[in-house]
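K.L.:
Single-letter residue listing:
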Amino acid sequence: MQAKSRYKYLFVVPGIIWVLAFTIFPLLYSLRLSFFNARLGKPETFAGLNNYIRAFGDYRAWDTFGQTLFFVSFSVFFTVSIGLGLALLFNRPMPGRQIFRSLFTMPMFVAPIALGYLGLTIFHEEVGAVNTVLRAMGMVNLPRWFSDVWTARMAVVLVDTWQWTPFCFLVLLAGLQSLPEEVYEAAFLDTSSSWDIFRYVTLPLLSPVLFTVTILRLVEAFKILDIPFSLTSGGPGAATQSYSFFIYLTGLRNFNTGYASALSYILLFVMLIISSFFFSRLRKNFEE
Amino acid sequence: MKYTKIIKNILIWIVIIIATVWVFFPFYWAIITSFKMPTVILTKPSLIPFLDFQPTLRNWEQEFGNRWPEISKGLGNSLIIAVGAALIAVTLGTMVGYGLARFRFNRWKNKDMTMWFLSQRFLPPIVTVIPFFVLMKNIGLMDNQLALILANATFTMPFAVLTMRDVFRELPKELEESAYVDGASPLTAFVQIALPLAAPAIAAAAVICFAFSWNEFLFALILTYKNAQPITVVIAGVEHTQGIQFWFVATRLLLAILPPTLLALTAQRYIVRGLTLGAVKG
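Line by line, the protein sequences are chains A and B. The first sequence begins at 1 in my numbering and counts up one residue at a time. The second sequence begins at 1001 in my numbering and counts up one residue at a time.
Check the hints yourself; a few may be wrong.
As the list claims (entries may be wrong) - With a cut-off of at most 25 Å between alpha-carbon atoms, the simulated DSS-like pairs for lysine-lysine come out as follows: (1) A:LYS284 <-> B:LYS1281; (2) B:LYS1173 <-> B:LYS1073; (3) A:LYS8 <-> B:LYS1111; (4) A:LYS8 <-> B:LYS1109; (5) B:LYS1073 <-> A:LYS284; (6) A:LYS42 <-> B:LYS1137; (7) B:LYS1173 <-> B:LYS1111; (8) B:LYS1173 <-> B:LYS1281; (9) A:LYS284 <-> B:LYS1111; (10) A:LYS284 <-> B:LYS1109; (11) B:LYS1226 <-> B:LYS1137; (12) B:LYS1173 <-> A:LYS8.
To be verified - With the Cβ distance kept under 8 Å, some of the chain B side facing chain A (calculated, not the full set): (13) LEU1047; (14) LYS1111; (15) GLN1120; (16) PRO1124; (17) MET1157; (18) ILE1235; (19) GLY1237; (20) PHE1246; (21) LYS1281.
What the hints assert, rightly or not - Not everything, but these chain B residues come out facing chain A in the computed CB check (under 7 Å): (22) TRP1029; (23) PRO1045; (24) THR1128; (25) VAL1272.
Hints were generated in silico from the structure; no laboratory data involved. The structure presented is a predicted model; accordingly, all values stated were derived computationally and were not measured. Even for Gly, the Cβ is constructed at its ideal location relative to N, Cα and C.
Only chain A is shown next, with the shape it has when bound in the complex (with noise of 0.2 Å):
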């Protein structure tokens, strides 16, 4: 066994080297770029904290994360909870259950970008589907969906919804179903109200995959940026703008690097924060 160990390390560290090559790597750099006043194009001079100062001082950018956090918020407790109701109710014999399954896996593979733009002609004012269906059911007063502040939020936090309820519905469907059965047996000699079932059972057995559909979810989310792009351009206005878009606007629109760096960096640690609560769980994952 003394071979295997010199061998080891060829097999993980071509990919450590990748990664550190195309991760650390650009991280440090542009950790040296947010201390520097730097345009494209044009020399950089040191701004010392001058470009975090600035961020917690630009309304700009407490704006757009107030908005990345609303559609945060929306969207992992919309899609969790949604997924978690289909899944309960699939969690059962039902002819076709596999076809479900496979048809419900598309969403998550549409590109956001693409699932953005066919969101513009759905939720279009005039001819969009949405307000064709309504009217048809006798509303008046439709939805101005794209000219509206929270409309247009809504609009975003829907087409997310879309695309990754299904991923939710399946992962917690899968985790449905690895639950032992014996506990379901035992649990209807003691009672035969689902809804005790499901609280004092179901919950606290899936509570682990609850968890990590959760986390994954809310990383996800936190990176929005190409259905608000094409779906409302970041509007009206600036209300629909999420964080990340804001920093593709200051640093590849407005080439203001430095500034974009540091806006980066600090969403950066907000979300070491938001993770360092999790690592601990997720690690439990990997036992060796």
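With the hints as your guide, set chain B onto chain A.
P.N.:
For chain B alone, kept in the frame of chain A given last:
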């Protein structure tokens, strides 16, 4: 008792039908829109072909006609980028996954290395896009598919690492161990014994990496401007001509989503495991 059961079943099926309609409606909408005349789209909201509106092949004829060079280039670039990225991510990811599953690393704990690869998914892409832009500019890879292959291979590698680690852990060790007894090196054991057994999982991991690379937009937008534009960026271009052209949104969207969604259907067994980075077994 019996009646409540029947009512309960009916309610369950109603919810299932609503859920199915909710999932399928956007696809349906894209399909019918692609068969509508632009005048119909802009004047008459309609949902049912033949009854509500007269379907036409006009939009598809245009897409496959004078617009085809632009679209086929986009699709071709997406294919090159997604295949290249998936190949790199899966090759390196399978090796790392095998290493983490089969060997014990003392200096760096296996658990920590696994977490390190997983945490790459926690990194918001916007954080690395500016340095990537500067880097690619400096090494002359702007508007080059290779730049996007490198970027997407990096983003999707965690899927491959975590899925493959999990799959190798479930494969019995005994076959490889008997090969060691016969004097095989770890590399031979890996290539000749473990790889063939894990082939379906490797293919599924490749599908996931392919799909996410195909759908990536931000880096594609920043790193390409003409020749290397993948389909996601081509789609984003429809807006700029004369307002939003519903009909071309629909046709392009359908062309763009077909490859990843259809491929994903083949990877069913590993989707949950792959997308939860091995945390939940599907």
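K.L.:
Between LYS284 (chain A) and LYS1111 (chain B), does the CA-CA distance stay at or below 25 Å?
P.N.:
Within the cut-off at roughly 9 Å; holds.
K.L.:
Quick check on PHE1246 (chain B) please, does its C-beta sit within 8 Å of some C-beta on chain A?
P.N.:
5 Å, holds
K.L.:
Hint check: LYS1173 (chain B) vs LYS1281 (chain B), CA-CA at most 25 Å. Holds or violated?
P.N.:
20 Å, holds
K.L.:
Given the proposed pairing of LYS1173 (chain B) with LYS1073 (chain B), does the C-alpha separation stay at or below 25 Å?
P.N.:
Violated - the C-alpha atoms of LYS1073 (chain B) and LYS1173 (chain B) are around 46 Å apart, more than 25 Å.
K.L.:
Is the straight-line distance between the alpha-carbon of LYS1073 (chain B) and that of LYS284 (chain A) 25 Å or less?
P.N.:
46 Å, violated
K.L.:
Given the proposed pairing of LYS1226 (chain B) with LYS1137 (chain B), does the C-alpha separation stay at or below 25 Å?
P.N.:
Roughly 15 Å between the alpha carbons, so the hint for LYS1226 (chain B) and LYS1137 (chain B) holds.
K.L.:
Using the nearest Cβ pair, does PRO1124 (chain B) come within less than 8 Å of chain A?
P.N.:
At 5 Å from the nearest chain A Cβ, PRO1124 (chain B) passes the 8 Å test, so the hint holds.
K.L.:
Tell me if the interface restraint on THR1128 (chain B) is satisfied: Cβ within less than 7 Å of some Cβ in chain A.
P.N.:
4 Å, holds
K.L.:
Within a Cα-Cα threshold of 25 Å, do LYS1173 (chain B) and LYS8 (chain A) meet the stated pairing?
P.N.:
Cα-Cα ~15 Å, so holds.
K.L.:
Given LEU1047 (chain B) as an interface hint, is its Cβ closer than 8 Å to any Cβ of chain A?
P.N.:
LEU1047 (chain B) check passes; min Cβ-Cβ to chain A is 7 Å, inside 8 Å.
K.L.:
Taking 25 Å as the top limit, are the C-alpha atoms of LYS42 (chain A) and LYS1137 (chain B) close enough?
P.N.:
It holds: about 15 Å lies between the C-alpha atoms, which stays within 25 Å.
K.L.:
Can the restraint linking LYS8 (chain A) and LYS1111 (chain B) be considered satisfied, given a maximum Cα separation of 25 Å?
P.N.:
It holds: about 15 Å lies between the C-alpha atoms, which stays within 25 Å.
Consistency with the previously given hints fails for numbers 2, 5, 19, ordered from lowest to highest.
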